[in-house]
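Participant: Residue numbers are given in the UniProt record's numbering: position 101 of the sequence shown equals residue 101, and the series is strictly consecutive.
Check each hint, because a few of them may be wrong.
[Stated by the list, open to error] What follows is a set of in silico ranges between Cβ atoms, one per label pair, in the way DEER data are often shown:
(1) S170 x I52: 28 to 38 Å
(2) D89 x K180: 31 to 41 Å
(3) K121 x N64: 25 to 35 Å
(4) N160 x D89: 40 to 50 Å
(5) R161 x N48: 33 to 43 Å
(6) K46 x V179: 48 to 58 Å
(7) L98 x F167: 29 to 39 Å
(8) I52 x V179: 29 to 39 Å
(9) E34 x D120: 51 to 61 Å
(10) I52 x P109: 12 to 22 Å
(11) E47 x E72: 17 to 27 Å
(12) V107 x A162: 34 to 44 Å
(13) F110 x E59: 22 to 32 Å
[As the list claims (entries may be wrong)] Pairs of lysine-lysine residues, derived as DSSO-like cross-links and limited to a Cα-Cα distance of at most 27 Å, are as follows:
(14) K121 x K75
(15) K177 x K75
(16) K106 x K50
(17) K41 x K75
(18) K106 x K126
(19) K177 x K50
Note that these hints are calculated values from the structure, not bench results. Ideal Cβ positions, reconstructed from N, Cα and C, are used throughout, including at glycine.
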Amino acid sequence: MIHKQKNVLYRAGIYTRLSSERHEEWREKSSSIETQVLCGKEYALKENIKVIQVYTDYEYSGTNFERPQFQEMMKDIRERRINCIIIRDLSRLGREYLEMGRLIDKVFPFLGVRFISVNDKLDTVKDVDSKKSFEITLKYIVNDMYAKDISVKIKSSKHNRARNGYFIGSVPPFGYKVVKL
Numbered sequence: 001m002i003h004k005q006k007n008v009l010y011r012a013g014i015y016t017r018l019s020s021e022r023h024e025e026w027r028e029k030s031s032s033i034e035t036q037v038l039c040g041k042e043y044a045l046k047e048n049i050k051v052i053q054v055y056t057d058y059e060y061s062g063t064n065f066e067r068p069q070f071q072e073m074m075k076d077i078r079e080r081r082i083n084c085i086i087i088r089d090l091s092r093l094g095r096e097y098l099e100m101g102r103l104i105d106k107v108f109p110f111l112g113v114r115f116i117s118v119n120d121k122l123d124t125v126k127d128v129d130s131k132k133s134f135e136i137t138l139k140y141i142v143n144d145m146y147a148k149d150i151s152v153k154i155k156s157s158k159h160n161r162a163r164n165g166y167f168i169g170s171v172p173p174f175g176y177k178v179v180k181l
C-alpha cells in the first residue's frame, strides 16, 4: 500500500478493456468503454487527479496480460509519465488471480503507483483494512473462475457447432464462403 503523501500530484492513466467475448461489431454499439472512461474521469475529478491518458484494449481476454495498451501503460509507469492507474473494476485490469495479486500487492507499490478500482472502492492511498483485503482477494478468485468458465463454455459451443457441420473459424478457406442459414 502507498501511504498518502502531502502535495503529491497524481498523473493518472485510465485503463479500459473490452472483453474478447465481444466481437468487432460491438465496438460501435457498446457503451462499455465510454462508461469505463467516464467512471475514471469522474473519480479523478473528485480526487483532484490529472488524467494524462486513456489506455483501451479491444477484444482481449482478461487472462492475457500481453495486451498492447496494457503494455504501453506499464511502459509509461516505468518512464514516470504516470503514477496512478484508475479502472472501473478489477475485472477490467485482469481475470488471472495470481497475476492480479502480484501487480496490486507487489509491482504497483514497488513502482510507487497509486491504484484505484472505482466500483470496488479500492484506492491504495487510502487505508485498506484486512476485511477489504479479503474482499479484494475473493474478487480476484471470482474473476479468475469466471474467465475459466467462459473458456470452457466457448470451447464446448465451438465443438458442438463443428460436430453439427457448422463452420467455426473466422475466415473460410480460399474458395469457400460461409452461408448463413
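Participant: Work down the list of hints and note, for each, if the structure agrees.
Facilitator: Hints, one by one, checked against the model:
1. S170 x I52: 28 to 38 Å: Because 35 Å falls inside the window, the suggested range holds.
2. D89 x K180: 31 to 41 Å: Because 36 Å falls inside the window, the suggested range holds.
3. K121 x N64: 25 to 35 Å: With a Cβ separation near 26 Å, K121 and N64 satisfy 25 to 35 Å, so the hint holds.
4. N160 x D89: 40 to 50 Å: At 32 Å between Cβs, range violated.
5. R161 x N48: 33 to 43 Å: 52 Å, violated
6. K46 x V179: 48 to 58 Å: 53 Å, holds
7. L98 x F167: 29 to 39 Å: 36 Å, holds
8. I52 x V179: 29 to 39 Å: 49 Å, violated
9. E34 x D120: 51 to 61 Å: Between E34 and D120, where Cβ atoms are some 20 Å apart, the hint is violated.
10. I52 x P109: 12 to 22 Å: At 20 Å between Cβs, range holds.
11. E47 x E72: 17 to 27 Å: Given range 17 to 27 Å: holds, Cβ gap about 23 Å.
12. V107 x A162: 34 to 44 Å: 40 Å, holds
13. F110 x E59: 22 to 32 Å: Since the Cβ atoms of F110 and E59 sit about 30 Å apart, the hinted range of 22 to 32 Å holds.
14. K121 x K75: Distance ~26 Å between K121 and K75 Cα, so the pair holds.
15. K177 x K75: 42 Å, violated
16. K106 x K50: Holds, because 24 Å separates the two Cα atoms, which is no more than 27 Å.
17. K41 x K75: This hinted pair holds, its Cα atoms lying about 21 Å apart.
18. K106 x K126: 17 Å, holds
19. K177 x K50: 50 Å, violated
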